[in-house]
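*Asks:* Single-letter residue listing:
There are 2 protein chains.
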Amino acid sequence: MQPILALNAFDMDQATALGGTLEARLLQRQKLFGAASVLFYERPLEFVRGEGCWLYDTEGVAYLDAYNNVPSVGHCHPQVVEAAARQLGQLNIHNRYLHPGILAYAERLLATLPTALSNVTFTCTGSESNDLALRLARHFTGAEGIIVTETAYHGNTALATEASPSSFKQGGPPPHVRVIPAPGGHSGGEKGLAEYFAEQVAGAIADLERLGMRAGALLIDSIFSSDGIYADPPGFLSQAIDVVHRAKGLFIADEVQPGFGRSGTCWWGFQRHGVQPDIVTMGKPMGNGFPMGAVVTRPEILAAFCDQVGYFNTYGGSPVAAAVGLAVLDVIEQEDLMDNALRVGDYLKQRLVELSKRHEVIGDVRGAGLFIGVELIQQRNGTPAPQLAKSIINGLRDRQVLIGAAGRFGSVLKIRPPLCISVAQADQLVAALDDALSAAH
Amino acid sequence: MQPILALNAFDMDQATALGGTLEARLLQRQKLFGAASVLFYERPLEFVRGEGCWLYDTEGVAYLDAYNNVPSVGHCHPQVVEAAARQLGQLNIHNRYLHPGILAYAERLLATLPTALSNVTFTCTGSESNDLALRLARHFTGAEGIIVTETAYHGNTALATEASPSSFKQGGPPPHVRVIPAPGGHSGGEKGLAEYFAEQVAGAIADLERLGMRAGALLIDSIFSSDGIYADPPGFLSQAIDVVHRAKGLFIADEVQPGFGRSGTCWWGFQRHGVQPDIVTMGKPMGNGFPMGAVVTRPEILAAFCDQVGYFNTYGGSPVAAAVGLAVLDVIEQEDLMDNALRVGDYLKQRLVELSKRHEVIGDVRGAGLFIGVELIQQRNGTPAPQLAKSIINGLRDRQVLIGAAGRFGSVLKIRPPLCISVAQADQLVAALDDALSAAH
Numbered sequence: 000m001q002p003i004l005a006l007n008a009f010d011m012d013q014a015t016a017l018g019g020t021l022e023a024r025l026l027q028r029q030k031l032f033g034a035a036s037v038l039f040y041e042r043p044l045e046f047v048r049g050e051g052c053w054l055y056d057t058e059g060v061a062y063l064d065a066y067n068n069v070p071s072v073g074h075c076h077p078q079v080v081e082a083a084a085r086q087l088g089q090l091n092i093h094n095r096y097l098h099p100g101i102l103a104y105a106e107r108l109l110a111t112l113p114t115a116l117s118n119v120t121f122t123c124t125g126s127e128s129n130d131l132a133l134r135l136a137r138h139f140t141g142a143e144g145i146i147v148t149e150t151a152y153h154g155n156t157a158l159a160t161e162a163s164p165s166s167f168k169q170g171g172p173p174p175h176v177r178v179i180p181a182p183g184g185h186s187g188g189e190k191g192l193a194e195y196f197a198e199q200v201a202g203a204i205a206d207l208e209r210l211g212m213r214a215g216a217l218l219i220d221s222i223f224s225s226d227g228i229y230a231d232p233p234g235f236l237s238q239a240i241d242v243v244h245r246a247k248g249l250f251i252a253d254e255v256q257p258g259f260g261r262s263g264t265c266w267w268g269f270q271r272h273g274v275q276p277d278i279v280t281m282g283k284p285m286g287n288g289f290p291m292g293a294v295v296t297r298p299e300i301l302a303a304f305c306d307q308v309g310y311f312n313t314y315g316g317s318p319v320a321a322a323v324g325l326a327v328l329d330v331i332e333q334e335d336l337m338d339n340a341l342r343v344g345d346y347l348k349q350r351l352v353e354l355s356k357r358h359e360v361i362g363d364v365r366g367a368g369l370f371i372g373v374e375l376i377q378q379r380n381g382t383p384a385p386q387l388a389k390s391i392i393n394g395l396r397d398r399q400v401l402i403g404a405a406g407r408f409g410s411v412l413k414i415r416p417p418l419c420i421s422v423a424q425a426d427q428l429v430a431a432l433d434d435a436l437s438a439a440h
Numbered sequence: 000m001q002p003i004l005a006l007n008a009f010d011m012d013q014a015t016a017l018g019g020t021l022e023a024r025l026l027q028r029q030k031l032f033g034a035a036s037v038l039f040y041e042r043p044l045e046f047v048r049g050e051g052c053w054l055y056d057t058e059g060v061a062y063l064d065a066y067n068n069v070p071s072v073g074h075c076h077p078q079v080v081e082a083a084a085r086q087l088g089q090l091n092i093h094n095r096y097l098h099p100g101i102l103a104y105a106e107r108l109l110a111t112l113p114t115a116l117s118n119v120t121f122t123c124t125g126s127e128s129n130d131l132a133l134r135l136a137r138h139f140t141g142a143e144g145i146i147v148t149e150t151a152y153h154g155n156t157a158l159a160t161e162a163s164p165s166s167f168k169q170g171g172p173p174p175h176v177r178v179i180p181a182p183g184g185h186s187g188g189e190k191g192l193a194e195y196f197a198e199q200v201a202g203a204i205a206d207l208e209r210l211g212m213r214a215g216a217l218l219i220d221s222i223f224s225s226d227g228i229y230a231d232p233p234g235f236l237s238q239a240i241d242v243v244h245r246a247k248g249l250f251i252a253d254e255v256q257p258g259f260g261r262s263g264t265c266w267w268g269f270q271r272h273g274v275q276p277d278i279v280t281m282g283k284p285m286g287n288g289f290p291m292g293a294v295v296t297r298p299e300i301l302a303a304f305c306d307q308v309g310y311f312n313t314y315g316g317s318p319v320a321a322a323v324g325l326a327v328l329d330v331i332e333q334e335d336l337m338d339n340a341l342r343v344g345d346y347l348k349q350r351l352v353e354l355s356k357r358h359e360v361i362g363d364v365r366g367a368g369l370f371i372g373v374e375l376i377q378q379r380n381g382t383p384a385p386q387l388a389k390s391i392i393n394g395l396r397d398r399q400v401l402i403g404a405a406g407r408f409g410s411v412l413k414i415r416p417p418l419c420i421s422v423a424q425a426d427q428l429v430a431a432l433d434d435a436l437s438a439a440h
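Protein chains in written order, with numbering that gives the first Met the number 0: chain W, 0 to 440; chain A, 0 to 440.
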């Protein structure tokens, strides 16, 4: 399976063709970073400044960022930067001393979540969060089976990678990780999808049992980001989660992607489905790019783990993380960003649907709030069109708009801007996409 | 095994006895953080400000920080804070776009390391670094065996925890992780220690072979921080590493603790031993508390991994991490902190040796640069004295000096101040320790 993350990767064999300073810098980077050096685009970009949804390159050209979800409240938001700078200059230490900031932040964060999820453990990244969450589930249930979707990405640690089929360039997850199709594999009606997805989960549980294992966790990103973005209908996850719960497994909601208001109607993606996770994980959007993450769960789940193993995250929950996290929550509320995500997201989706009437290669437009997928298909036979997607992503780059790709075949345009995007910026994106599509076919 | 990290932990049963605001805050924290809530000291501390080696509590009382190694160039160093604040306000994004900052930092960092180690991969934490390093070794060697010391701590991910015997409250590492005694287990001469330690490693390799496995990695923190601090004689690691290399395993130098000049004579702890690691890992001291880490290795080791699995660390190597990392290197050089570590470290060690002549409970004083261990023993029979260590740590807290505990029994006082500590501050530490020891026995 081609890893999703490399879909839009620059090919180093093309460095010489680019020439000049760019070639020199690419070669320097390759020498320093080696095989792990991955850059976006056929002509990589270098930015020097960010503000709101804009990224500025070395020539001062403004690019509309409709891709980066980590700077969720906007690039370099002054309120967040100021909070970080002030606290960095005052006190930045681990959380084995008392500090009121992290308690205030924990209270604020937990208030957005179901009451039963009353314990929070801070980490530095979403990967650390998912790694810990999987271990919590394993300790609490005594079962090592993990169920994930076929193109999921849940992080970069050894354990999170096992649960990330999209990260494998060769082979795939180990036997205790069962892979189910993404919700898009089913084309039936609303009731049908919920049942279909629940059946997939039940099938994975049965597979585990045949292998002598039990299901410890269903780990799901409720927007199915890497799988190609499947948000609707709200509630379709519910039956699948019932199935896992009946099998004594836990539901881990990976909120690194859909969380912090991105889906427009609620703080967390799982809330859109009206379901109750046992564990919720969060990552960098919570700090708008400052490295911080969290795992939220029920006290008894955390206690079962802590009985066996110590967990200490040196700077998870530092006073700086707390100050940054509080500033991000403030900005989301003060600037009505959840409402903006809903309003501009709906507008953008509607304009993309209109676009699909003039461009037959658009097979589907879907998503929730400011997480939108545009599926590109072959005009002739309706099959996925990953090469076209790659060409459109590079075409948009040449028109100063940044987006990415997702999905099993890499044929889904992934549109995931900072939550502060305006209607005018949405129009700019649609115009550029219209133009790029016209140029490409 | 009692986990080292909890040696100096506050007992929540004592919260009521403390009363007032402190009790209320402790209960609030317990409710929010649950079983993972761990605080230092019998009377937990709350700090509001840090500067150099000083931490100030809510009453404005200054505590001498002789414990925290993450704010390595001093708490809230203005040059580091300014670099972070400036870059946070300008551009903070993942490294799949070009940015000159991270290339400049990579060049600077690699220049401190052996030429063969020419590829760097950035992470956000030391745990992520060790997790990745263990996977690099496993992929490159095809062997899953890992050898670590008996009270080692290498991080908090699932894989790093497997390789951290000190994290287990019940049970211990899985069979493929072989645990060898720390160097302190041998009381022979200089030549004897090197041979003894090499024999332990050879024994672990033989154990793995008996279990049908091979040794993929020897993972060592060259200052043996959690094991109780064993630095001398320089070079004693060499034979053991030869043994691992002959068995086709890799040597991973965990530099989260000894790195960035702490041992006084060189940038990296392994250099003090004149050995060549295959992989070097780094953590938060590299950002003076800003969450950043790195894995440095040979290109072919990284390539073998990247052939199989994608690795992307969203904000590892962000422009902010680069700016902060460069500022830390600048400060170490401009303020001659490596030399200060050597000079004040030697002075402090000598004063502690003098102290040991008046306090028979000091069984040993050891370490390198500003990483010093003071082993406390029972006066009657010379056995380890963990309760005394706990009482001294709390006694020092009451005398406004912060230190910690280490070692298999928790009987070693761990002294590990920011690298900018002065001779006068070292004197203050010794005077407070003298006083606390006199009061305790």
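To be clear, the hints were calculated from the coordinates, so they are not data collected in a lab.
Just so you know, these numbers come straight off a predicted model, no measurement behind them.
You may find that some hints are simply not true.
For identical chains, the list gives no copy identity; a pair is met inside one copy or between any two copies.
Said to hold, decoys possible - In silico lysine-lysine, BS3-like type, Cα no more than 27 Å apart, as pairs: (1) Lys30 / Lys247; (2) Lys356 / Lys247; (3) Lys247 / Lys168; (4) Lys168 / Lys356.
*Asks:* For Lys168 vs Lys356, is the C-alpha pair at or below 27 Å within one copy, between two copies, both, or neither?
*Replies:* neither (36 Å within a copy, 62 Å between copies)
*Asks:* Are the CA atoms of Lys30 and Lys247 at most 27 Å apart within a copy, between copies, both, or neither?
*Replies:* The answer is between: 26 Å across copies meets 27 Å, while 49 Å in one copy does not.
*Asks:* With 27 Å as the alpha-carbon cut-off, assign the pair Lys247 and Lys168 to within, between, both or neither.
*Replies:* Between copies only: 25 Å across chains, 32 Å inside a chain, cut-off 27 Å.
*Asks:* At most 27 Å between alpha carbons: which applies to Lys356 and Lys247, within, between, both or neither?
*Replies:* neither (46 Å within a copy, 61 Å between copies)
Checked against the numbered hints listed earlier, the structure breaks hints 2, 4; every other hint is satisfied.
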